[in-house]
Structures are given as structure tokens and as C-alpha cells.
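Here are the chains, one letter per residue:
There are 2 protein chains.
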Amino acid sequence: MTKIVTHSSEYSISDLCKEFEVTPRTARYYEDIGLLSPSRRGQTRVYSAADRTRLRLILRGKRLGLSLEDSRQIIDMYEPGKSNTEQLNSLIEAINQQREKLHQKLDDIKNLLEDLKKAETDCFQSLTNISRNTS
Amino acid sequence: MTKIVTHSSEYSISDLCKEFEVTPRTARYYEDIGLLSPSRRGQTRVYSAADRTRLRLILRGKRLGLSLEDSRQIIDMYEPGKSNTEQLNSLIEAINQQREKLHQKLDDIKNLLEDLKKAETDCFQSLTNISRNTS
DNA sequence: TATTACGTTAACGTCAACGTCAATTATTCT
DNA sequence: AGAATAATTGACGTTGACGTTAACGTAATA
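Taken in sequence, the protein lines are chains A and B. Residue 275 in the numbering used here is what sits at position 25 of the first sequence, and the numbering runs on without skipping anything. Residue 304 in the numbering used here is what sits at position 54 of the second sequence, and the numbering runs on without skipping anything.
Mixed in with the good hints, there may be bad ones.
Pairs involving identical chains hold if they fit within one copy or between any two copies, as the list cannot separate such chains.
Keeping only pairs whose Cα atoms sit at most 27 Å apart, straight-line, the calculated DSS-like set for lysine-lysine is [stated by the list, open to error]: (1) Lys312 / Lys351; (2) Lys367 / Lys268; (3) Lys351 / Lys268; (4) Lys268 / Lys360; (5) Lys367 / Lys351; (6) Lys268 / Lys368; (7) Lys367 / Lys312.
Note that these hints are calculated values from the structure, not bench results.
Can you make the complete structure from the sequences, with help from the hints?
Pasting the structure below:
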């Protein structure tokens, strides 16, 4: 583990990867496509708290079935950066689109949870039937 | 559109695909991997209401970022089929695993919605600032 | 009857998101 | 200093989920 002159909150690649259970390959890949941009101490990558946050957001996105491009879009929402009126408006539109997608997902999840409940009930039903027959 | 002697609720591949906005390739692929099994009239596939339901479930799964394998597992929950005690118990376990995943997703979505709300607020803030400066 | 329109199988192609070497270069530990 | 550990950059491989093209059969229609 490349020792880092830990100015409070800097992470080596292996630190970060262990924490989030991803491989270095993944972290480097995210850097390749511009989702992370750690600084360097010589050749070696040094991840900041901000990088850590971004990775957290990316992984949350993955759990939700978002593509990395979706996550990129969402992450960009956190840093309005140099934004003129036009950019801000399209950003707001993007936000609302994402919001709509999420509400669809919420519906889907609710329905699926209902289905699972029913399936479980049926299982228990079958189990008690079996125990009745074999007793 | 291959005419089907529509015994009430049978669908041609193009009917089904139009309804769900997928390509025939997709339907055939799902059949290849055993997610659908339409009957045949000669060579031609004939989809039943059950097939239609299964496809709906698959697509809902996709929206939630489930893999086709996850969806297969979930769909199997609807047909306990020839089930002994052991099978039923492992089914119940699978149900609970999926349930846990879904609750994780619910949390993720809630957080993301919160984030979006904040981002939107910031956008509006920036916009009113701009209009103040240019007035 | 000939032209569409729709259906089929088979096989290769593609794209995202990494996995898996290999060869090389720091860093850390003893 | 020397061994062990960790990091780096290529570059090719893999997997899931289809897209695409070819080559062909069948069925409705003008």
C-alpha cells in the first residue's frame, strides 16, 4: 500500500477499492472515461474526498441500473460550474427527466414487492399443505 | 402480420413486439435463454397471455436494472411447480434476498430524489442571481 | 401470379463494463 | 541493499444483451 502523506483525507487506489469493493481496474476505467480524476503523486493516483464521493454516487447509480453515462449526467448536476441561463435550464430539464425515471422505478419496485409478498404467502401455504399430507 | 386463428388471446411475434416496443430479435433471444417459450403453429411462434405476462415482468425487471437471470429467478417464483419442502424453502430464501435488494434500491432512490431536489433548488438560485445581475 | 409483408434459422458483429494477463516501475519492510 | 508489496500502463479477452445481415419459407394482396 503506497504510503500516502495523508493530508487528512487522501486515499490510495487500494484503500478506495477495498472500501467500495471494486477492483483497481474499475477505478482506472472510470478515470479513462472521465468519471474520476484523481491527482497524482508522481505516477501514483491519489484520491480525494471528492473522488470518493463521486465513486459513491457512481455505485449507487449502478445499483439502480443506471448506465455510467447516466451517472455522469447526474454527477454533473452537483457542479453547475460555469453556467449560463441556457445551461441551467437544460440542467433543470435533465433533473426532471431523471426524476420521472425514478418515479417509474418506485412504482415498479412497489409492484414487485407486492408480487414477492404474494409469492411468499403461496409458499407458506404450500408448505402447510405438505405438512398436513405427511402427518 | 401472420394471421392467427386467434383463439381469444394469442399473439404473433410482431403483435407482441409492437405492444412492448421490443424487436423480434429480443423476443427470440429471450426464448433462446429460456425466458419465454411460445408454442408453435408450424415454424411460427404463437405467444399466449402467459407469455405476454412473462415479457411484462422481464421488462419491468429491466427497468429496475435487474439482469435477465434475476428476472428468471423472480418469474420462477410465480410457478412453484413441482415443489417439495426443500425447494419451497430455498424459494422463500430467494424471495427474501430479492426483497432486500429492492429495499436497498428504495433507499437509493429516495436519496437520489433528495439530491435532485437540492440540485434543482441550486439551479433556481443561480437563475435568480443571474436575472438580478443582468437587470 | 407476382409482389409485398412477415416469418424462420444461423451466424457474425457490437457495445458497455469491466477481467486478465504481462511487463515494468515505484514503495515499503527487514 | 534486497525482497516483498503495490502501483503503473498497455493490450487483448469476456460477458450480457442484443443488432445486423444473409438466405430462405409462407401468406395476404393487388
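Hints, verified against the model:
no., hint, result
1, Lys312 / Lys351, "both (14 Å within a copy, 13 Å between copies)"
2, Lys367 / Lys268, "neither (35 Å within a copy, 31 Å between copies)"
3, Lys351 / Lys268, "between (31 Å within a copy, 21 Å between copies)"
4, Lys268 / Lys360, "between (33 Å within a copy, 26 Å between copies)"
5, Lys367 / Lys351, "both (24 Å within a copy, 14 Å between copies)"
6, Lys268 / Lys368, "neither (38 Å within a copy, 30 Å between copies)"
7, Lys367 / Lys312, "both (25 Å within a copy, 20 Å between copies)"
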